[in-house]
Amino acid sequence: MNTKTKTKTLLVAGCALIATSVSAQGLVRDNCGCGFGTMALGDESGLLSHLAATFLNGISGNQTFGISSGTLNCEQATELVSVKEVEIFVADNMDHIAAEAAIGEGAYLNALADLLQVEDTERSSFYANLQINFDQVFTGPEATANDVTRSIVDMI
Amino acid sequence: MVFLGLWFNVRAEDAVTAAVWNEAEQAELWQDPEWWTLLHYHRTLWGRVMSRIDDPRFFLDPKGKTDPKRELRATLEAFVNPPPEQEEARTIPCRFPARRRWLLERLDLPEELFPGGDCEKYLNAVEQLEIESATMIYPAGYLNSPASMFGHLLLVLDRTGKDRLLSRAVNYAAVVGDSFGPLFAFKGIFGLYDGVFAILPYYDKVEEYSAVNRRDIWEYPLTLTPDELDQLLRHVWELQELTSRYFFFKENCAFNLLYPIEAARTDISITRNFRLSAVPVTLLRELSQTGITQEPIFRASAATQMDHLASLLTESELDRVQDVAEGAEPQGSDTPVMLELASDWVTFSYTEREITPEVFRERNFPLLRERSRRGKQDIPAPAPPFPPHVGHGPRRWMPYVGVETESGNAVGGIRFRFAYHDWLDDPKGYPPGSSITMFAADVQHEREVDQTTLDSFTLVDIRSLTPPRPWAKPLSWAGHLGVHASPIDRNHHRTEARFSSGFTRKVSGITAYLLLANVVRWDTTLEENLAWEPGVEWGFFTSGPTLRAGIRGREVWGVLGAEGRRTEAEAEVRWNIHSDTFLGAAISYQRELHQPRNLVMLNFGRTF
Chain A
69 MNTKTKTKTL
79 LVAGCALIAT
89 SVSAQGLVRD
99 NCGCGFGTMA
109 LGDESGLLSH
119 LAATFLNGIS
129 GNQTFGISSG
139 TLNCEQATEL
149 VSVKEVEIFV
159 ADNMDHIAAE
169 AAIGEGAYLN
179 ALADLLQVED
189 TERSSFYANL
199 QINFDQVFTG
209 PEATANDVTR
219 SIVDMI
Chain B
2 MVFLGLWFNV
12 RAEDAVTAAV
22 WNEAEQAELW
32 QDPEWWTLLH
42 YHRTLWGRVM
52 SRIDDPRFFL
62 DPKGKTDPKR
72 ELRATLEAFV
82 NPPPEQEEAR
92 TIPCRFPARR
102 RWLLERLDLP
112 EELFPGGDCE
122 KYLNAVEQLE
132 IESATMIYPA
142 GYLNSPASMF
152 GHLLLVLDRT
162 GKDRLLSRAV
172 NYAAVVGDSF
182 GPLFAFKGIF
192 GLYDGVFAIL
202 PYYDKVEEYS
212 AVNRRDIWEY
222 PLTLTPDELD
232 QLLRHVWELQ
242 ELTSRYFFFK
252 ENCAFNLLYP
262 IEAARTDISI
272 TRNFRLSAVP
282 VTLLRELSQT
292 GITQEPIFRA
302 SAATQMDHLA
312 SLLTESELDR
322 VQDVAEGAEP
332 QGSDTPVMLE
342 LASDWVTFSY
352 TEREITPEVF
362 RERNFPLLRE
372 RSRRGKQDIP
382 APAPPFPPHV
392 GHGPRRWMPY
402 VGVETESGNA
412 VGGIRFRFAY
422 HDWLDDPKGY
432 PPGSSITMFA
442 ADVQHEREVD
452 QTTLDSFTLV
462 DIRSLTPPRP
472 WAKPLSWAGH
482 LGVHASPIDR
492 NHHRTEARFS
502 SGFTRKVSGI
512 TAYLLLANVV
522 RWDTTLEENL
532 AWEPGVEWGF
542 FTSGPTLRAG
552 IRGREVWGVL
562 GAEGRRTEAE
572 AEVRWNIHSD
582 TFLGAAISYQ
592 RELHQPRNLV
602 MLNFGRTF
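Sequence order for the protein chains is A and B.
According to the working numbering, the first sequence is numbered sequentially starting from 69.
According to the working numbering, the second sequence is numbered sequentially starting from 2.
Since the hints were derived computationally from the structure, they do not count as laboratory data.
One or more of the hints may lead you astray.
[To be verified] Some chain A residues judged to face chain B by a derived CB distance under 10 Å, without partners named:
hint, residue
1, Asp160
2, Glu173
3, Phe206
Quantities reported herein were computed from a predicted structural model and do not represent experimental measurements.
No residue lacks a Cβ here, since even glycine has one placed at the ideal position from N, Cα and C.
Let the sequences and hints guide you as you build the complete structure.
Spelled out as structure tokens, the structure:
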């Protein structure tokens, strides 16, 4: 099995799992987008909702409001099949990735490097490149996950 | 001929079934604890055997939910002589891969006895998902939500050579359609929701807990052998998409996740013991005592990270950060820490829905761009606090002796609490400023009058005392529902519901709070049986690992249905002699209709 087909199958499995998770959730992230601002939002704040939440959490110890995958509404760049999982990851975590790219380190960058199979010895220069080329990778407030993924893949 | 051949064939399989069953019967295999784990059997309070799974698809015998023996027989039959199935996913080996493995190993059977082989679909999925190990995840309690200290547990499946963010989270949750809070609570408590296992990217859960709810996350890698991991996955596979009633108290998220762990590590038996409740943090503690968990890894929440960055800055720098977070242009004089905090602050405002996505992007982007230009900086990470599994037990016995100073009568009594953490309990492993008591009773004996009475019964008492941050000004609040003996007539009891809200300050380790109180008292000595008494609640306390002390009080005035002023105040000191044992001294003062009742007490507390 070559890498390309393997990634594809993996993706199919991943999608099936995501679909399961979505059907299990009652609510869907309402600000789903493909660029910055995909971060999930909090519940309405206020005393009553705190009380209700407290009561519920106390009893269930569980947060049930769901956050679906941000990729479902996003168009995929079809020619980049082999970096599909990277793209999903970037689309879902764009805010965190940008924040860590600006700092030059972090768990999200590490995960990204894992997905891109960056060698351990290359990691620090990969992070440094992301930081130095921040403007090229994240071109502006309206940058989309597809653009960002493409720039990162091109950069390696 | 064809008919005869078919007939003989069937007979042969029946003979095999009989032989296998004979062996199972001799071993009394249906009583094996491991069989009980795989089927989620437990004994109810009335001694009946019952599976906690409700979905009929989980059982091969129509009476399988309540009859381990019949279910075992039906299972063996189905494996030896599988019913024809069109879809691969619905074949017996694919529906019950864990049962298959267990039966083959336990009865030492050759694999050929179970036609169709192992589930290819399962084997492929495991290979493709690249699962290497499993980790238990515990999102800690968060500020301003005392009840969240009960915690939550989820299981993640870690992938070979991939950061844990890319792991798959196995989450057990209720399928909820209602967004109306009280209805949600009602249905949850009475088990009217279906709970399902769902698998989703762990980073989604991290986002939910760490960024949105601002809960720190503790990750406990499990010490599983490859064989144990395989059986864990097989059982998760069996449970996927099945439903079982979702009871918040007992069959919650955490509890159901224990089954795959117990299927893997068969000497753990937390689920089979009878229990009244299954609070996640208690389960975590029990689990950590079995040795299946490794030292936890701390993942700081967005809130913890912000507190940490803020602690590195001066007041004027914080003011500047606020300006930048509110839209001022970042400048060359802004330090990397300031820029990082400002970006977190903007993100916080966004997740709190204080700003729109457009504003968030326009403010955050220049901050990140500016930060990227400063290069790499060595900013230390926040130090992890005490992990939750080392915290004190939620239940508590607290005997005490003392004297009522007005009459000089000796008193003695005992307090019992079912859960969870009060203002002067050992703060280790618990979220600061939060306390919650559920089901607590105080029985008191007064010697000279030879009278034993229920001094109080607390159904629930919650306190959320969160000092403000520059970016968030949460309201402090307290709620209480309980029955209390009158200080004047010790045999008279009345019910009180209280709700208070106000503010908290924390200065050099001392927490101070002032709340406006509302008390509704149901009392048969009152003309209308009911009174509304507004007032104030106040307190100061400090809590360290060995010594804790505090003073607090409440003053309410009868406005509707009652007259006069009622005062209650108490001061207490506790000294830990062991992590679960403390000695204490307390003074309590009550005054009602100008009659005081004062107690001076020495107490001993043991949590478990």
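Going down the list of hints, with the structure as the test:
Here the hint on aspartate 160 of chain A is kept, as its CB sits about 7 Å from the closest CB of chain B, short of 10 Å. Satisfaction of the interface hint for glutamate 173 of chain A is found here, the shortest Cβ-Cβ separation to chain B being roughly 7 Å, below the 10 Å cut-off. Evaluation of the phenylalanine 206 of chain A hint against chain B yields a held restraint, the C-beta minimum of about 7 Å falling below 10 Å.
Violated hints are absent here; each numbered hint is respected by the structure.
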